[in-house]
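Just so you know, we're using the numbering used here here: the sequence shown kicks off at 905 and counts up by one.
To be clear, the hints were calculated from the coordinates, so they are not data collected in a lab. Note that beta-carbon positions come from the ideal geometry of N, C-alpha and C, so glycine has one too. Do not rely on the hints blindly, as some may be mistaken.
The list that follows gives simulated cross-link-like pairs (lysine-lysine, PhoX-like), each with its CA atoms no further than 20 Å apart [said to hold, decoys possible]:
#  : residue 1 : residue 2
1  : K1003     : K967
2  : K1046     : K1003
3  : K938      : K972
4  : K1010     : K993
5  : K993      : K967
6  : K1046     : K1015
7  : K1045     : K1015
8  : K967      : K938
9  : K971      : K940
10 : K1003     : K993
11 : K1007     : K993
12 : K1003     : K1015
13 : K972      : K940
Label-pair ranges, simulated between beta-carbon atoms [stated by the list, open to error]:
#  : residue 1 : residue 2 : range
14 : P1030     : D955      : 19 to 25 Å
15 : P1030     : E992      : 19 to 25 Å
16 : T1063     : K993      : 48 to 54 Å
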Amino acid sequence: MNVVRKLRPNISKPSLDVLTRWHSTHDMLSSLLKFKDFDTQVGLSENNWADIESLVEALQPAKITAKKLQSDQLLMPDFYCAWLLCIEKTEEIDSTLAKNIVKCMKTRETKLLDNASLLSSVFLDPLLNGLLDETQQAIAKKNLCAIWYRLNQFTENQTQQKKY
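Please take these sequences and the hints and turn them into a complete structure.
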């Protein structure tokens, strides 16, 4: 048994794609690249290997971002920073997939910025509030004023209930 272990290289099994895990495709392709030197049974051409390497490179920023988004204490400004950083890092990659990812993320970002709560949290963050235009700042201020008004009403109701 020890002889077999010595003769067989110590290679882990490749990970498989899991639909519920955002970054599992990246992990699966990365683990496949480890077998490039042992290409006796896989039978992929150099172009195939280059395509896999390109896919792994294009998905790397998204994988890093997905890991950040799994944080226990993720605040909305932290989410938005991670989102922007993912776009920036993906833009640096010269591939069709990376360009399509950036295009989709920017389309989604316009929808994200329609959320008054996200705008309010970004507005309150001194590092990020300069990213909002005047209209977005006005929406954030209006939302924060509405929250303040509701909190004051709640406090007044609680005070009146204690009197009786």
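- Just pull the numbers of the violated hints for me, sorted ascending. 2, 3, 9, 13, 14
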